[in-house]
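So the sequences go chain by chain: D and F. Using the UniProt record's numbering, read the first sequence as starting at 1 and increasing by one per residue. Using the UniProt record's numbering, read the second sequence as starting at 1 and increasing by one per residue.
No wet-lab data here; the hints were simulated from the structure. Mixed in with the good hints, there may be bad ones.
Identical chains blur together in the list; that is why a pair holds if it fits in one copy or across any two.
Simulated crosslink set (DMTMM-like; lysine to aspartate or glutamate; CA at most 20 Å straight-line) [what the hints assert, rightly or not]:
id: 1; residue 1: K53; residue 2: E143
id: 2; residue 1: K23; residue 2: E209
id: 3; residue 1: K53; residue 2: D155
id: 4; residue 1: K54; residue 2: E149
Protein chains: 2
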Amino acid sequence: MVKLKLYYDFLSQPSRTLYLFMKKTEIPFEPIKINLRKSEHLNKEIESLNIFKKVPFIDDKGFVIMESVAILRYLCRTYNVADHWYPKDYQKQARIDEYLEWQHNNTRAHCTEYFRNKALQPLKTGQPANEQRVELLENKMIENLNLLENIWLKDKPFLCGEEISISDLVGACELEQPKIAGFDPFVNRPNLIKWIARVKTIFSPFYEEAHKVIEQTAEEYKQFIRKQN
Amino acid sequence: MVKLKLYYDFLSQPSRTLYLFMKKTEIPFEPIKINLRKSEHLNKEIESLNIFKKVPFIDDKGFVIMESVAILRYLCRTYNVADHWYPKDYQKQARIDEYLEWQHNNTRAHCTEYFRNKALQPLKTGQPANEQRVELLENKMIENLNLLENIWLKDKPFLCGEEISISDLVGACELEQPKIAGFDPFVNRPNLIKWIARVKTIFSPFYEEAHKVIEQTAEEYKQFIRKQN
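Pulled out of the complex, with its shape left as it was, chain D reads as follows (with noise of 0.2 Å):
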């Protein structure tokens, strides 16, 4: 039987969150590796199914989708996954909703600009990074990160209620990416400390296998770093 076909790399945080939410909630479907930092997203025959040559993206039986937001809230409408994740009632959904396109230009722009300028580009190319560009990045990443604790997570223990939903996995994987880069979201953050806890708790074992890049990445940057200087 063809199942649904997920190109994903473990590198790209919104990889993570397809492979996470698709393994939680056992959704059938082959994963197929494309090495970023080989470019291999460039290749012709991803061209010829996603001409934006961006991962992660899937083929549900040739449907093909991009975008990982747009893919979570298909999956959750097609393969009847639990109501939580994304539910039905109105106001919930339009809560899950904000959050999603909140963070586009707030947390995922910001962590995402903060470890492409301080780790990947350096390690790309072997030129040190632009640090006034780190700098104006990492505070603008820090105001979204105190905008979590204190506003999203103030006053509950998920993004958007009392029960986990695809935003907390959004987010979850975002803020794991700086990481990299040498910089942990979490520390001096409690009420983002206990939410991390919780969203690892329920998507064990998985998390920490997806997430094994991330700690070589930072090793390797680390080796890079102690290169240069």
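Take the given structure of chain D and dock chain F to it, following the hints.
Just chain F now, kept in the frame of chain D:
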């Protein structure tokens, strides 16, 4: 009867999106203007409703929700508008979600940042823009406009298919924004030209009403530049 309230400023593209959508679909609402340039969104009264102090947001009989794209989805679910705006068909809906997720870190991020850096900040502070930064943002914006022209609108009349959807409205209001800074995204892009004409026809006369501010602010910016030189 208490109506849905829309807190908005036409200077903000997501505000125009929501206003136009509710006008066109005849959702009854009370528009409440919040002057962003006078920082009215930072007032205590607004903060007590929306702790993020962002405009637009809605108050639907006590249910307050921010993030325009989340609001559009909520309105489509609760107000029984025509199906083509956000189809119930899983695959069609996924195509629209795909665009709505994509646009955040593409057209949205770059058109907004270009407009902010080139026009809004100088108008606010009286200081000239950082030319290097503006050039970088303009190039990224152009890359994304070319993706709209050559991929999204390559072979269909609307962004996500044969019929208009909420994605077209989000896209259109976004692309009007850089005009304030003297940049017309439609020049030499025939697919975009035909598409925007279709969108304008559908939303006329509300489209013209909500976009008057673009011409006015563009004129104000022109005069500011003249004085600087």
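Original post:
Between copies, within a copy, both or neither: which fits K53 and E143 at Cα up to 20 Å?
Top reply: between (31 Å within a copy, 15 Å between copies)
Subject >> Intra- versus inter-copy proximity for D155 and K53 (alpha-carbon distance at most 20 Å) >> reply: This pair counts as between: shortest inter-copy Cα distance 19 Å, intra-copy 40 Å.
**OP:** If the cutoff is 20 Å on CA atoms, where do K54 and E149 land: within, between, both or neither? Let me know, please.
**Re:** between (31 Å within a copy, 18 Å between copies)
Original post:
How would you label the pair K23, E209 (within, between, both, or neither) given a Cα cut-off of 20 Å?
Top reply: Intra 11 Å, inter 50 Å, cutoff 20 Å: intra-copy only.
Taken one by one, the earlier hints all hold for this structure without exception.
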